[in-house]
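Protein chains in written order, with this note's numbering: chain A, 9 to 347; chain B, 50 to 424; chain C, 271 to 940.
You may find that some hints are simply not true.
[Said to hold, decoys possible] Below 30 Å or equal to it, Euclidean Cα-Cα: the simulated DSS-like pairs (lysine-lysine) are:
{"#": "1", "chain 1": "C", "residue 1": "Lys287", "chain 2": "B", "residue 2": "Lys72"}
{"#": "2", "chain 1": "C", "residue 1": "Lys846", "chain 2": "B", "residue 2": "Lys186"}
{"#": "3", "chain 1": "A", "residue 1": "Lys158", "chain 2": "A", "residue 2": "Lys148"}
[To be verified] Here chain A is said to cover these stretches of chain C; the calculated rule only asks that three of the stretch's residues, wherever they fall, bring their Cβ under 8 Å from a Cβ of chain A:
{"#": "4", "region": "318-326"}
{"#": "5", "region": "637-646"}
[Unchecked claim] Facing chain B, according to a computed beta carbon distance under 8 Å, are these residues of chain C, among others:
{"#": "6", "residue": "Pro279"}
{"#": "7", "residue": "Asp364"}
{"#": "8", "residue": "Ile366"}
{"#": "9", "residue": "Leu826"}
{"#": "10", "residue": "Val836"}
{"#": "11", "residue": "Val855"}
{"#": "12", "residue": "Asp862"}
Calculated from the structure, these hints are not laboratory results. All figures in this text were calculated on a predicted structure; none of them were measured in a lab. Even for Gly, the Cβ is constructed at its ideal location relative to N, Cα and C.
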Amino acid sequence: MNQFRKTLIGAAAAALAATGALAETELTVYTAIEAEDLPRYAETFNKSHPDITVNWVRDSTGVITAKLLAEKDNPQADVVWGLAATSLLLLKSEGMLEPYAPAGVDELDPKFVDKDNPPAWVGMDAWVAAVCVNTIESEKLGLDMPSSWKDLTDPQYEGHVIMPNPASSGTGFLDVSSWLQIFGEEEGWAYMDALHENIARYTHSGSAPCKMAASGEIPIGISFAFRGAKSKAAGGPIEIVVPSEGVGWDMEASAIVAGTAHPEAAQKLIDFTVTKEASEMYNVGYAVVAYPGVAKPVEHFPEGLLDAMIDNDFEFAANNRARILEEWQSRYGSKSDPQ
Amino acid sequence: MRDAEHRPDPYLKIENLWKAFGKFVALRDISLRIEDGEFICFLGPSGCGKTTLLRAIAGLDLQTRGTVEQGGRDVSNLPPSQRDFGIVFQSYALFPNLTIERNVAYGLENTGRSKAEIKERVASLLQLVGLPDQGRKYPAQLSGGQQQRIALARAIATNPGLLLLDEPLSALDAKVRVHLRHEIKELQRKLGVTTVMVTHDQEEALTMADRIVVMNHGVIEQVGTPTDVYRRPQTLFVADFIGEMNQIPATAGGEAQIDIGGVVMQLASHDFPKGHAIVAAIRPEDVIPHGARAHEPGGDDKIETEANALEVDVAEMEFLGSFWRCTLKHACFKDGNLYADFSMNAVRRLDVREGGRMTVELPKSRLMAFDRPEG
Amino acid sequence: MSDAAYTIPEGKNIKGKLSRDDLIMRASMIVIGLYLLVSMVLPLYAMLSKSVSTFRFDLAAFEVQVSDESGANFSEPVTFETLNERLGVVEGLDFIAGSDGRLGVTQFFPDFSFRSPVMYRIRSNQEDGRFLVGSTLHTGTEWLELDSNTFRRVQLRPEQSYGLGNFKTYFSTPALSDSIKNSVMIAVISTIVTVSLAFWFAYALNRSCMRFKGVFRLIAMAPILVPSLLPGIALVYLFGNQGFLKELLMGAEIYGPIGIVIGSVFFTFPHAFIIISTALAISDARLYEASVSLKASAWRTFWTVTVPGARYGLVSAAFVVFNLVITDFGLPKVIGGQFNVLAVDIYKQVIGQQNFEMGAVVSVVLVLPALLAFALDRYVQSKQVALLSARSVPYEPTPNRRTDSIFFVYSCLVAVFIVGILAVCQFAALVKFWPYDLSFSLNNYRFNRMDGGGWAAYFNSIKLGLLTAVFGTAVVFFGAYLVEKSNGFRTGRTIFQMFAMMPMAIPGMVLGLAYIFFFNNPENPFNFIYGTMTILVVCTVTHFYTVSHLTATTALQQMDREFESVSASLKQPTLKLFSRVTVPVCLPAILDISIYLFVNAMTTVSAVVFLYSHDTALASVAVLNMDDAGDIAPAAAMGMMIFYTNAGARILHLIASRGIIGRTQAWRHR
């Protein structure tokens with residue numbers, strides 16, 4: 009018994025010493041990356057930085073953004089790794105981000121880097137709008153395959169289109185802000201008025217429309233390409249359509265939270281996020297990544313997506329977000345009679 | 050009680066006690082002295098303040114004003130746990146999940162007694178209350194009377210200086226009640242413990258108490274021995290509440306005289322000015338029946354005070370077992386009746402019958418006069 | 271006796287000396303009172319102050335200088351307020367903004383052109399004035415010189431102030447304030463439907479001689495074991511566009527009021543059933559005998575005896591259901607579609623738009639009807655006590671083939687509805703890819719591959735349930751004991767009692783949001799519990815405090831009032847009495863409280879949805895989030911896991927109760 013206890017204590021001490029040696033710093037990292045990707049990201053990072061432990065705090069984009077803003081005066085996070093750029097802009101405008109130019113940032117596609125110098129955030133990969141269309145249900149209902157945003161306003165799609173609510177979903181907001189950029193303010197709203205006629209309802213989440221299209225609940229879901237590819241891989245009978253006018257996009261980006269107690273470790277992590285290795289890691293799920301030339305095609309990803317990406321003005325989106333949402337709410341927010 | 054102040058200090062001394070619940074004043078200026086070893090009953094109708102007074106003595110509901118001294122110690126503001134008493138409630142308040150033994154032993158624990166001592170003491174207590182073999186049972190397995198004895202055993206286990214009984218017998222049925230009355234009294238005498246019992250049952254008070262404290266509307270109406278309060282009630286309330294009493298409207302006459310509907314009668318004395326509205330009172334058993342030879346001098350049926358004799362009609366007779374209750378009518382009572390209790394003997398001897406006439410006397414020494422309340 | 275004798279003499283009231291027990295009990299009561307203060311009152315206060323925290327554009331705080339065409343020679347500084355007085359760009363409610371509000375500056379310069387060579391200088395004349403260039407924050411009073419192309423990117427930020435501006439905005443925005451009407455409508459309709467259904471069900475169980483009453487009773491209680499949003503998931507499978515029974519709706523849409531009402535009926539049914547069943551069980555047989563002897567028809571007897579006898583139960587059930595529906599968040603979130611209700615609005619404002627102030631405003635709006643329903647319910651229940659205490663003879667139904675079979679069929683329909691919903695969820699959880707691949711698989715149970723927290727969330731929920739049950743029961747029962755049995759200290763007890771009743775009137779969403787405001791404040795010494803399991807336990811205990819407290823209080827009131835007096839007279843510490851007598855005697859109630867807390871901790875979504883962190887994700891929240899992400903089948907699977915866990919806990923509770931009661935409550939049997 010005694011012997012056993014001694015062994016146990018010895019083992020515990022050894023384990024403690026081991027973790028102590030390996031993990032000198034623990035970083036609290038807020039993220040909105042898909043849960044299933046997190047262990048892989050942390051593992052890859054730890055290959056080159058075994059001394060930094062990543063403690064993930066993961067939630068949907070909205071929740072994480074709300075959390076960060078709520079903690080404005082008492083930040084809990086050291087680093088944000090994988091949050092929508094629009095959200096990071098919001099944090100930046102609150103002065104919550106620590107500007108830092110990671111080593112090798114010059115290698116990145118400049119589209120993916122904050123314009124300030126030093127940049128407050130750096131991008132990782134892009135997240136592109138797309139339309140998921142259920143082929144089985146479309147056929148049943150005799151719907152044509154849409155090819156453009158404008159097509160979706162056709163009366164034949166009435167009640168057969170579903171999209172995320174921009175007020176609660178980042179994907180929804182990138183759709184709306186891209187339409188305003190593609191069509192211009194006035195025509196953009198006119199477009200949404202027409203589209204609204206066909207919308208069955210607005211979901212809270214950005215991936216739900218594509219999943220619903222995949223399950224045939226609503227045949228056409230305005231969502232994002234990454235989700236579409238996944239649903240298709242899971243066996244959903246869907247076609248991923250890239251509208252011809254061009255598609256909105258947002259990127260997942262990373263930043264150091266101002267006031268972190270571990271600035272050096274945080275910088276190391278940000279340095280890692282812009283490496284080629286990191287972009288290769290992102291490329292498993294995302295077809296568009298920040299490091300030029302590494303992107304390999306992702307299975308089921310629609311072709312021509314890269315070219316369809318509009319020249320997104322993130323500053324416009326961030327600075328007009330409140331106004332756009334207010335306008336959107338007053339136009340479509342209270343569809344209190346869903347019949 | 051004014052002259053009591055010269056006596057040596059009693060065991061329990063209550064002075065100028067007031068208790069208010071918000072605006073309602075439940076006890077008014079109560080002063081009372083209880084001697085060591087006395088058995089005192091607080092008697093009165095419900096709501097008279099008797100339980101409130103008991104709880105003030107125990108410290109369970111603190112009085113608003115006034116002092117309580119116990120054994121020469123001022124306990125006025127002490128919590129119950131720092132006073133010295135055992136208490137028994139109407140509900141027994143036995144701990145339902147503990148055996149009888151452990152209930153009785155409850156107060157003995159943590160008092161420096163050894164387990165064996167406690168065991169011995171519990172056994173002797175159970176012996177004392179006549180339930181030596183019930184120790185392992187739970188309270189719910191005993192009858193009400195047995196439970197109350199256990200509650201008593203628990204209350205006296207620690208040898209308290211004062212035993213408080215809050216209507217201990219009211220939840221029991223009549224037979225058990227009568228039986229337990231004697232047992233409690235017996236026990237109290239044996240232990241010599243000063244005891245205060247609250248009851249609304251006059252019979253209980255009369256049979257058990259050394260002295261009775263009659264209370265009404267938050268004041269003490271009278272304090273005295275059972276015979277005192279029965280024979281010499283000081284107020285109409287006491288007269289009415291304890292035993293039965295004929296109450297006849299009358300007016301005060303001259304010295305030791307009263308006027309009942311035109312008939313002037315004699316009584317021992319009264320303090321009222323002439324013409325004052327009073328109530329003449331006499332207990333039914335004190336009305337003396339007389340036969341034909343009542344007015345003959347020297348007879349064994351001689352009327353004591355001629356002025357107090359009345360020729361009455363026997364309106365109704367009700368047989369109540371050991372005596373007859375007769376409803377008597379006379380012009381001086383107006384519409385009222387005089388009730389009289391006559392022994393079987395007397396009824397047979399004097400041939401009292403419904404519809405007949407007879408002579409009765411309201412003896413001078415038993416006839417009382419009280420102030421007539423207005424309205 | 272003179273009048274003077276009736277008035278108490280002048281002087282000081284006697285103040286009792288406190289015994290050690292009194293001190294301990296008061297100190298404990300203060301501790302638990304402080305717990306409630308910290309876990310409820312202060313957070314609510316924080317929320318209330320958040321709702322009146324507005325953001326206003328203070329135009330006088332920003333100054334600008336404009337150069338001539340040469341780009342030198344700047345004009346005198348002028349404030350934006352002066353410019354606005356000239357142009358009237360911003361008016362009335364436009365001054366009020368959210369914390370994220372921005373105001374572009376170019377609109378103050380009608381002839382602005384971003385190509386012109388004109389230069390601009392801008393500064394705030396207050397140290398804390400804030401403006402953005404692009405998205406870079408500038409503070410301080412330094413002048414900043416910008417060319418016109420950059421100047422157009424300048425956005426003014428609002429200043430925090432206090433006032434009712436948020437409420438004005440709320441009520442002048444139909445998209446928001448319409449929810450009040452929607453919420454009330456849904457709650458009223460659900461209340462009417464649930465109470466009617468539950469009444470006849472309870473009637474069948476109490477007043478007929480049909481068979482299988484035990485089974486029906488068991489089925490009726492099942493919905494308590496699942497999160498309120500689970501019926502929503504089943505409804506999607508039943509009446510969604512790919513639903514089995516879609517045709518039944520005749521083209522109507524399940525996403526919206528219809529879905530919310532059906533789901534609400536499901537999850538509120540047991541609550542209404544218990545209350546009404548209790549009311550029917552106490553009805554007096556003598557009244558029925560009287561009615562029969564007066565040769566009244568069955569129908570007349572029903573209306574003159576049955577309904578009046580159960581009226582307090584009916585009213586109470588109605589208020590409870592109303593309150594449950596109007597404060598429920600999970601169900602409308604899942605099946606509400608575009609139909610906005612207050613509880614979901616709070617979520618949308620906070621999580622979707624990060625508009626905490628507006629979230630607080632909606633919370634305040636939601637508290638009002640909930641508070642009203644709660645107050646009315648308490649009032650009605652206080653009246654019912656008198657009815658209960660009357661001595662009555664229990665009613666024994668007599669067999670009647672016709673009515674018994676009608677009631678049997680009716681009860682079967684209700685049972686099919688309840689069991690059907692659960693069965694659909696279980697079916698959904700097992701199907702591989704609805705509706706295209708109907709083969710069974712356990713793929714949907716691979717929670718670790720979905721968002722929401724995975725299997726860890728499930729085990730977190732069990733942990734939360736156990737901690738809540740243990741810690742909550744201890745606090746609640748001890749608190750109730752203190753408030754019931756301590757001496758004097760009336761003010762303290764009244765305040766405590768008030769605190770203990772409050773949580774029932776506070777919707778979970780409101781409590782959760784209030785916790786963010788209160789506990790996430792870095793100056794709060796309790797800040798360290800934010801994001802931990804502790805805050806979830808505290809929040810859940812507080813959320814379900816009232817019912818637990820009432821259960822404890824009822825049990826304690828059935829104890830002899832004089833135990834404490836006896837104990838004191840025997841000079842034994844009160845805490846000995848508490849542990850030796852009170853706790854063992856009240857053990858059945860204590861077990862009831864712990865299972866109630868456990869089941870609710872497993873199913874609650876509303877309060878904890880704002881408070882969980884990555885490490886403390888919960889099963890119920892996972893159901894919500896998986897459904898939100900479109901992973902409906904795994905959501906159903908997790909929901910059913912909660913159901914089975916709760917059902918298992920209930921069975922364990924039953925066995926434990928029997929065992930413990932058998933051992934410790936031997937005294938109950940003669």
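Hints versus structure:
| no. | hint | result |
| --- | --- | --- |
| 1 | C:Lys287 <-> B:Lys72 | 24 Å, holds |
| 2 | C:Lys846 <-> B:Lys186 | 21 Å, holds |
| 3 | A:Lys158 <-> A:Lys148 | 22 Å, holds |
| 4 | 318-326 | violated (count 0) |
| 5 | 637-646 | violated (count 0) |
| 6 | Pro279 | 6 Å, holds |
| 7 | Asp364 | 57 Å, violated |
| 8 | Ile366 | 50 Å, violated |
| 9 | Leu826 | 14 Å, violated |
| 10 | Val836 | 5 Å, holds |
| 11 | Val855 | 5 Å, holds |
| 12 | Asp862 | 18 Å, violated |
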